[in-house]
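Letter by letter, the chains look like this.
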Amino acid sequence: MKFTGEISIPAPRDAVYSKVRDARFFASCVEGVQDLNEIDSDHYTAVLETKVAYLKFKFNVAVEVVRADPPREIEAKIEGTPLGIVGRLTASSLTRLMDDNGGTKVSYEIDAALTGKLGSLGQPVLRSKAKEMERLFAERMRAAFATSEIST
Amino acid sequence: MTPFELLEPTSLHEAIAALDPDDATVRPIAGGTALMLMMKAGVFRPTRLVSLRNLGDRFSAIAAGPDGHLNIGALTPLSVVERSPEVARVAPVIPRAMRRLSNIRVRNVATVGGNLAHGDPHMDLPPVLIALGASVSVAGAKGERDVAVEDLFAGYFETVLAKNELIAALRIPPQGKSRAGYLKVTTGSAEDWPALGVAVAIEAEGTAIKSARVVVSAATEKAARLKTAEQALAGATLDDKTLARAGDAAADEAECISDVRGSAAYKRELIRVYVGRAMRQALNTGATH
Amino acid sequence: MATTTLQGGQVGAQVGRSLPRLEAREKVTGRAEYTHTMRLPGMLYAKIFRSTVAHGRIKSIDTSAAKKVPGVFRVVTSEDVRKVIPEPYYGPAFHDQPILAIGKVHYVGEPVAAVLATDPHVAEEAAQLIVAEYEELPAIFDEVEAADNQTLVHEELKPAGTFADLKHLKGRKGTNIALDFKLRRGDVDKAFAEAAQVFEHTFRTQKVLHLALEPYASIADWKESGVTIYSGAQGPSFVRTEIARLLGWPENRVRIKVPYLGGGFGGKLYIKLEALVTALSMIARRPVKVALTMEEQFYTITKHPSTFRIKTGLDKNGRITARKCEVWWNGGAYADIGPRVTQKSGFTASGPYDIDNVWVDSYALYTNLPPAGALRGFGIPQLVWAYESHTDMMARALGQDPIEFRRKNLLREGRPHATGQVLQSCKHEQALDRVVERLNWSKPLDRGTGPVKRGRGVAVAIKAVISPTTSVANIMISGDGSTTLYCGTVDMGQGSDTAMAQMVGEVLNIPAETVKVVPRDTDVTPYDMGTLGSRSLFHMGHAVRLAAEDARAKIKAMMREVGEPEGSNIPLADLFKKKYGMQAGNIVGTGSYKPDYIPPAPETGLTTNVTPFWMSAASGAEVEVDTETGHVKITRLITVVDCGKPVNPKIVETQISGGSLMQLGFTMFEKMHIDAGQVTNASLADYKIPGILDVPVMENEAVAAEQANGPFGAKGVGETATFCVSPAISNAIADACSVRLMELPLNAEAVFRALRAQANKPLADE
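The listed protein sequences correspond, in order, to chains A, B and C. For the first sequence, the working numbering begins at 1 and goes up steadily by one. For the second sequence, the working numbering begins at 153 and goes up steadily by one. For the third sequence, the working numbering begins at 442 and goes up steadily by one.
The hints are simulated quantities; they were obtained by calculation from the structure and are not laboratory data. Any given hint could turn out to be false.
What the hints assert, rightly or not - Calculated pairs, SDA-like style, for lysine to any residue (alpha carbon to alpha carbon, straight line, at most 20 Å): (1) B:LYS192 x B:PRO155; (2) A:LYS117 x C:PRO656; (3) A:LYS2 x B:SER410; (4) C:LYS500 x A:ASN60; (5) C:LYS1074 x C:ARG1181; (6) C:LYS508 x B:THR154; (7) A:LYS56 x B:SER410; (8) C:LYS508 x B:ASP174; (9) A:LYS56 x B:THR199; (10) C:LYS664 x C:ASN693; (11) C:LYS849 x C:ARG837; (12) C:LYS509 x B:SER410; (13) C:LYS752 x C:ASP630; (14) C:LYS614 x C:TYR530; (15) A:LYS56 x B:ARG197; (16) C:LYS1091 x C:MET1139.
With these hints in hand, go ahead and build the complete structure from the sequences.
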């Protein structure tokens, strides 16, 4: 499953970059993230709880920042194991930040794969969920910059 | 499958009380044909299922009103709806559409209410009912409310129903001069879920279209009316040019999803063609497929 | 044709009767026994924990949560398996498949651990709680890419020596190529250089699977004195040999019992679950059953996807002078019988055509996908898809009628096939003639003026039966004259029990219905190579015939012994009484058959005796293409086969319609969708097989023929109807609207995209 998107943030690129690079901030934009644990500046674990209608899924997630190139790019790898059901979620993401008239254009590419029971039967359900999460993420990102003070 | 509690209440009130507004692992079960698939796949593990089988005969009754409207109890099996003379009189598009709905074994067990409450965008009935302007009566802890089927669906497997609400009945308003059609488009086996469903309802005098409802499903995340297509048809003359314009509008408006049954791009092309074909089927002016 | 009766039976002319299947009543009244419904006292169920990674090193397997689930008897990994079976690798061509993954996993869905419990739901729940950690390795999925050997699936290949024709495989390293078959005849390079026209095309086929209605199920009851395995296995003798090898036991301590199969189609061959249940039963010291779900079938065995690059040179008269075939077979993570598909189908890659210069390279590739093995047609449908599409493309390019073009180039009886064997008893030309007649080919077809366009197409093909293989049969006549047949051919719905009973009846002059055919049991039924590749009617038919003739000779001898005059028609019961003084004693007849065979020379693939018989078929299709949507409606599907003289015409008819319907699904819409090695449509909800609404108007026929060296003039027909369906339909689509599809399946979107590409308005990818 491939997802791509673009978010416009009304804030300068350096500020946006440091926020996005901050695990806690990033996690706050993803719906359903709990128990974020920072192992070091490039490795994190968390629990991701997500719901599609009356179907609930809980994943143990591990994130690795593979490459950080301030203020331009962040490459990351995500691995998730669903609880109570055999499966595996893997994703690689590439986030690019570009100056945009004083603001920043954040574009992202995510390549995700789902294996195990969820992968064999849950594809359309999770694809739809992923779209919803994308939308919410963009909303939260924008909202955070609109209301928060710009700090570096 | 892990063990779960099965309750079999004998009244609507009891059934609603047994549901939990906050717990997603408590679900009502009618025919169970859709729910069972989720449970077998392991993506749904209930702690409690509330069976609706014994709620009483009035929930599986079909009654026509003097003004031509139809009331169908939510627990009416699909095959009973399929064979009902009242339904055939008020909305012949329904038995026509049901001939290819899933298969006879499922139709004998699945219920109308269950079909609507499940919220699967691939289903055949929802777009048909939206085209007919149907509504459901929803029963909850605080009483009953009416919801247009058009407003019932929120997304993939999601309806606007609270977790402790049940669909009690389906109401199809009198159709007057409106004529409806439905085309189920499969792209592989003919026995598959549709890749696209197109339902239309048209009021026309000869070739003068007064108004139309155009609904697509299966290709989109939920069954939805396509207002731009409806606008292109309202007040227009029924001819190839009008149908092409409506098809183009529909293809542009619909938000299609790619899946094993077809890419989004292909589904848009199918919409472009099938809106016109569904119109012709409804008016019986040529299209047979 | 002789009339048939259900009661009492008909004496005389048993072969040729359309006798209803002997077990039909049992099956439709729910009394037939299948492994899936069997239970043994004290039995445990096992559920499998599978890999979620396409290629990786196993870092750890955490079974602690699983073990804690109440009711769990035991959780097993390969560590436990190796304590009872030190070298737990199996397979007919390579001993490459571990009972449970050892050290590495090679495909998503590979069995990694198993949970044992008396309640299968408990076992399933516990299996979902096992957590494995993998170090992911690069994975390879495409067969042509795999041949580059940049990403290796296995570090070392492990050949077996079980089958005579695969003996030459030597252990290899540093490659994904499990087998490369070569055929070299004449000088293709020279012929291409001199050709008036050269055409080259590449065709592809997709991953599909058998989906028998009864999923895989096996039970093992292991004791120190011996193990009994109940399994839906098409080749019980092979299972016995292989389990005995794994245990280091003599064959006679291993017993395989096979009830009816709810379908096989090649999927239930060799070892599927039998080794796993044996190991689990050894560990648990109790009977153990593994019964797969429909979803798990997708992770067990499938059909080879393929890429076939075909190049043909023609002289100025449109005669084929040279053909080069390169075929890449996607075998998945374990070889199973893939190397044989590569070789035994490989040598017919050039088709039923008379070509002096032929070059074939056929490669069996390892990839990180669920394994591929034998599936009805055994590689032939993939080859025919390519060469018969290619044939039509050439004919059209030359402005020639596709039938005339074929007739100009068809290989005829008495001429040598590409392998060097002279073609005999092969009526593919007659099959083609019959298809052409039924299609009214000489009359122009109304192709339609609106958006719906009509077209028609044909295809013709041959297949060689696998050789050399052995079948043995025993017949026992009891003191009251009743007759029992013991043979290892497995009835999986193709009606073999009925056909064999008919052959016994023909020789012994008794009604087929009175012959008891014993269910397969390797303690009782003698050796048979396997129920596969359409070989049983011919090979086991001969063995059964010989056994019956042997019994008949012994009856005559007994008559002489007791002083009966020549030509006496004393009832058998009285004969026994005369000999033994009472209703006692037996007459035992035995027959064994193995055809002659000359192995192909390794460097050229040539031999004058590669097969005892050829199967052949032709198909024709008439279609309607909705050019606005790409939907294809098949208005007629005609299949004509050569199966020699049908032993049971009714069964032959159902084999033709069943085979062509199965291939229809593979042609029009079936496809396993795979993402990062995970099958994403592993259920009948999302992987559709043909339903009643997909069945076109079918015309099925067997040409009048007699197999000279066949039992009662017969030969096999199990696969024949699958050969030509795909290209016949594709050729019809091309005839209707001029689009040529190079890949299967031919679903509506594929046709639509081709139409748009042709109109120079290609459709966006997504």
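Results of checking the hints against the structure:
Among the hinted pairs, B:LYS192 with B:PRO155 is consistent with the structure: their alpha-carbon atoms are about 13 Å apart, no more than 20 Å. Of the pairs offered as hints, the one joining A:LYS117 and C:PRO656 holds, with about 18 Å between alpha carbons and a cut-off of 20 Å not exceeded. Using a Cα cut-off of 20 Å, the hinted pair A:LYS2 and B:SER410 holds, with the two alpha carbons roughly 11 Å apart. For the hint linking C:LYS500 to A:ASN60, the alpha-carbon distance of about 18 Å falls within 20 Å, and the restraint holds.
Note on C:LYS1074 and C:ARG1181: the hinted pairing holds, with a Cα-Cα distance of about 16 Å set against a maximum of 20 Å. At roughly 16 Å between alpha-carbon atoms, C:LYS508 and B:THR154 fall within 20 Å of each other, so this suggested pair holds. Proposed proximity of A:LYS56 and B:SER410 is contradicted: the alpha carbons are some 23 Å apart, above 20 Å. A C-alpha spacing of about 32 Å is found between C:LYS508 and B:ASP174, which places the hinted pair above 20 Å, so the restraint is violated.
For the proposed pair A:LYS56 and B:THR199, the alpha carbon gap of about 13 Å is at most 20 Å, so the pair holds. For a cut-off of 20 Å, the pair hint linking C:LYS664 to C:ASN693 stands: about 14 Å separates their Cα positions. Distance check on the hinted pair: C:LYS849 and C:ARG837 sit about 15 Å apart at the alpha-carbon level, within 20 Å; holds. With a C-alpha separation of about 42 Å, the suggested pair C:LYS509 and B:SER410 falls outside the 20 Å cut-off, and the hint is violated.
Taking the CA atoms of C:LYS752 and C:ASP630, the gap is near 11 Å; set against the 20 Å cutoff, the hint holds. For the given pair, C:LYS614 sits about 17 Å from C:TYR530 by alpha-carbon distance, which is consistent with the 20 Å threshold. Among the hinted pairs, A:LYS56 with B:ARG197 is consistent with the structure: their alpha-carbon atoms are about 9 Å apart, no more than 20 Å. Straight-line distance between C-alpha atoms of C:LYS1091 and C:MET1139 comes to about 15 Å, which keeps the hinted pair within the 20 Å bound.
Hints 7, 8, 12 from the earlier list are contradicted by this structure; the remaining hints agree with it.
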